[in-house]
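Asker: Protein chains in written order, with this note's numbering: chain A, 1 to 476; chain B, 477 to 653.
One should not assume that every hint holds.
[What the hints assert, rightly or not] Cross-link-like lysine-lysine pairs, in silico, DSS-like; alpha carbons within 30 Å at most:
id: 1; chain 1: B; residue 1: 565; chain 2: B; residue 2: 608
id: 2; chain 1: A; residue 1: 119; chain 2: A; residue 2: 25
id: 3; chain 1: A; residue 1: 212; chain 2: B; residue 2: 608
id: 4; chain 1: B; residue 1: 630; chain 2: B; residue 2: 642
id: 5; chain 1: B; residue 1: 646; chain 2: B; residue 2: 630
id: 6; chain 1: B; residue 1: 500; chain 2: B; residue 2: 646
id: 7; chain 1: A; residue 1: 212; chain 2: A; residue 2: 119
id: 8; chain 1: B; residue 1: 507; chain 2: B; residue 2: 630
id: 9; chain 1: A; residue 1: 212; chain 2: A; residue 2: 47
id: 10; chain 1: B; residue 1: 642; chain 2: A; residue 2: 119
id: 11; chain 1: B; residue 1: 522; chain 2: A; residue 2: 47
id: 12; chain 1: A; residue 1: 25; chain 2: B; residue 2: 522
id: 13; chain 1: B; residue 1: 565; chain 2: B; residue 2: 522
id: 14; chain 1: A; residue 1: 39; chain 2: B; residue 2: 527
id: 15; chain 1: A; residue 1: 119; chain 2: B; residue 2: 527
id: 16; chain 1: A; residue 1: 379; chain 2: A; residue 2: 317
id: 17; chain 1: B; residue 1: 608; chain 2: B; residue 2: 642
id: 18; chain 1: B; residue 1: 646; chain 2: B; residue 2: 565
id: 19; chain 1: B; residue 1: 646; chain 2: A; residue 2: 39
id: 20; chain 1: B; residue 1: 608; chain 2: B; residue 2: 630
id: 21; chain 1: A; residue 1: 302; chain 2: A; residue 2: 25
Bear in mind the hints are in silico, worked out from the structure with no lab data behind them.
Computed from a prediction, not measured in an experiment: that's the story for all the values here.
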Amino acid sequence: MAHASDHAAPAVLNEIKPAELPRAKLVENDRSFAWITEKVCSIIEGKTPTWWWVCFILACFVASFTVAGITYLVATGVGVWGHANPVNWAWDIVNFVFWIGIGHAGTLISAILCLLRQKWRTSINRAAEAMTIFAVVCAAIFPVFHVGRVWFAWYLFPIPNANYIWQNFRSPLEWDVFAVSTYGTVSVLFWYVGLIPDLAVLRDRFFRAGNKLRSAIYGFFAMGWRGSNRHWSNYEMAYLILAGVSTPLVLSVHTIVSFDFAVSLLPGWHTTIFPPYFVAGAIFSGFGMVLTLMLPLRAIYKLEDLITQYHIDCMCKITLATGTIVGYAYGMEFFIAWYGANPYEGFAFINRAFGNYAWAYWIMIGCNVITPQFFWFRKVRENTWLVWVLSIFVNVGMWFERFVIIVTSLARDFLPSSWGYYSPSIVEIFTFFGTFGVFSVLFLLFIRFLPIMPMAEIKAVTPQADAHAGHGHDKH
Amino acid sequence: MAAQPYGLIATFDTPADVMHAAEKVRDAGYKSWDCITPFPIHGLDKAMGVKRSIVPRFSLAGGLIGFTTGMSMIWFMNSYDYPLIVGGKPFFSPLFAFPVSYELTILFTAFATIGGMFFLNRLPMHYHPVLKYDQIHRGMDDQFFIVIDSRDPKFNPTATRALLEKAGGKAITELEA
Chain A
1 MAHASDHAAP AVLNEIKPAE LPRAKLVEND RSFAWITEKV CSIIEGKTPT WWWVCFILAC
61 FVASFTVAGI TYLVATGVGV WGHANPVNWA WDIVNFVFWI GIGHAGTLIS AILCLLRQKW
121 RTSINRAAEA MTIFAVVCAA IFPVFHVGRV WFAWYLFPIP NANYIWQNFR SPLEWDVFAV
181 STYGTVSVLF WYVGLIPDLA VLRDRFFRAG NKLRSAIYGF FAMGWRGSNR HWSNYEMAYL
241 ILAGVSTPLV LSVHTIVSFD FAVSLLPGWH TTIFPPYFVA GAIFSGFGMV LTLMLPLRAI
301 YKLEDLITQY HIDCMCKITL ATGTIVGYAY GMEFFIAWYG ANPYEGFAFI NRAFGNYAWA
361 YWIMIGCNVI TPQFFWFRKV RENTWLVWVL SIFVNVGMWF ERFVIIVTSL ARDFLPSSWG
421 YYSPSIVEIF TFFGTFGVFS VLFLLFIRFL PIMPMAEIKA VTPQADAHAG HGHDKH
Chain B
477 MAAQPYGLIA TFDTPADVMH AAEKVRDAGY KSWDCITPFP IHGLDKAMGV KRSIVPRFSL
537 AGGLIGFTTG MSMIWFMNSY DYPLIVGGKP FFSPLFAFPV SYELTILFTA FATIGGMFFL
597 NRLPMHYHPV LKYDQIHRGM DDQFFIVIDS RDPKFNPTAT RALLEKAGGK AITELEA
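Make the full structure from the sequences, and use the hints.
Answerer: What follows is the structure in structure tokens.
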């Protein structure tokens with residue numbers, strides 16, 4: 001059936017005889033199903049490596065900076081941050097948008113590439129989805145604590161309260177509450193559904209190894225999965241639908257984040273290009289982070305057969321494409337500021353590039369517009385160290401993008417007498433620095449206790465998984 | 477008296493083998509049987525005669541409920557229960573209610589899809605005769621099984637075993653109930 005199309009190819013294809021290009025292998029060295037299971041499970045079953053403990057303790061130490069920063073903030077008041085009129089949104093919102101944006105690559109890989117049948121997504125999607133969830137956790141810290149009196153943060157949700165007043169649903173900030181909480185929830189659900197068959201593998205392996213406790217824990221979450229094809233049928237449909245709803249979700253989340261700015265009247269924020277520009281930037285930064293995380297993981301666990309050069313190539317090319325879109329958006333913002341002939345808008349952009357914060361602007365341009373252009377070259381994409389270094393530049397650049405957008409516009413508002421210059425306080429720096437620790441702690445726990453690659457999905461894209469292969473054109 | 481077995485399980489080594497065997501079991505008219513595979517095999521649903529999944533119906537219901545919940549919640553809160561005056565704008569408009577309703581559509585669809593999948597698969601089910609088979613871990617790893625339920629009207633210990641043997645099944649074993 002699947003091969004019927006070979007015979008029925010349009011006449012024109014027979015005439016031009018398209019060259020037979022070999023398809024890139026998704027699993028190198030013709031690995032067997034059992035090899036894949038063994039490889040992925042051995043990461044969890046083996047003894048905890050020393051480097052893991054070193055990283056984990058270091059990550060806990062870094063994470064304590066966030067705990068300390070937030071504790072001091074809650075005990076003292078939001079004034080311990082460097083915010084002052086006119087800059088009342090600064091690192092808190094910059095960090096929030098930065099972390100949320102990082103999450104977007106995970107959903108892009110798991111949902112959009114699934115719908116586009118990009119099979120290379122399989123070996124990186126589990127870790128990328130984990131990255132999404134942990135990035136959302138880090139992101140959520142900032143808006144929750146920047147409300148000041150954090151014990152009233154529940155006012156953000158439509159829960160009846162003693163004032164008998166409801167949330168204002170005309171506000172993009174309220175939309176954001178729903179967008180981010182839905183995003184976090186659906187990401188966890190999607191991740192969990194993908195994990196079920198692999199948890200069943202671990203359940204059976206730990207059971208046979210005599211570790212009844214771990215078998216019971218994995219088994220509890222595996223829901224009694226038994227690989228039934230009647231189950232797979234519903235499972236695959238559910239997975240496809242989840243991918244289908246996650247796609248508009250991921251596009252809407254950063255769109256709504258951009259509404260926080262675009263719906264205001266501030267020059268530099270009030271632009272219609274923001275939603276697509278933010279989404280492209282989010283995917284760009286997310287792929288930067290995926291590369292930053294996956295390349296060391298690939299080297300440490302010797303996963304070169306599963307995360308091949310082809311995978312790295314694909315990720316670099318997406319980074320290049322989205323980075324170029326971001327560069328285009330920077331240019332278009334300037335063009336519209338000039339073409340719109342609004343003096344305030346024009347000033348906002350001249351001020352960005354040549355004002356007090358020009359240093360931040362040029363770091364942003366350097367990291368986001370120039371860095372990805374190196375990925376045009378195969379030599380660069382094949383140099384893992386260089387790719388990793390460039391991915392760090394992407395992360396740095398995208399943080400500066402949010403800083404430039406948020407702070408430059410606020411620091412120079414309509415009334416020159418209220419102009420100011422914002423610098424972060426040490427508490428903000430601590431809190432932000434610590435989130436990298438929070439993220440790393442969560443990610444290290446993930447690679448220690450959960451399969452970092454979806455075994456079932458990788459097996460399904462190997463050549464030997466094709467039940468039609470080698471049997472000619474028989475009729476099923 | 478020995479209890480009636482749950483059924484018979486046969487082992488296959490490749491996806492193609494299990495698929496061809498599944499076609500034979502399907503054509504022999506069995507209804508209550510299953511394949512155990514470590515990953516979804518393309519084309520096996522057809523070989524087994526499994527109909528298209530009805531999970532999308534749950535998803536559609538979830539999505540509709542989500543959207544309606546969003547719209548009616550915002551209308552109730554900002555227009556009916558406590559009309560909120562903001563900049564002289566209308567108390568309710570589907571436009572400003574749209575982003576939140578859109579997110580709730582997705583949220584409810586996701587829950588309904590997963591809930592529907594678990595419901596249709598009768599999961600969680602931590603005890604199942606198939607899971608007691610001592611080689612079942614291979615079915616999560618690199619082997620493929622066909623299980624035929626003894627409650628199937630066509631089930632007959634000898635004839636069913638012969639069918640599985642003829643279809644290429646190895647290590648045919650009775651599963652205790």
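Asker: Which constraints among the numbered hints does this structure fail? Numbers only, ascending.
Answerer: 1, 7, 10, 11, 13, 14 and 18
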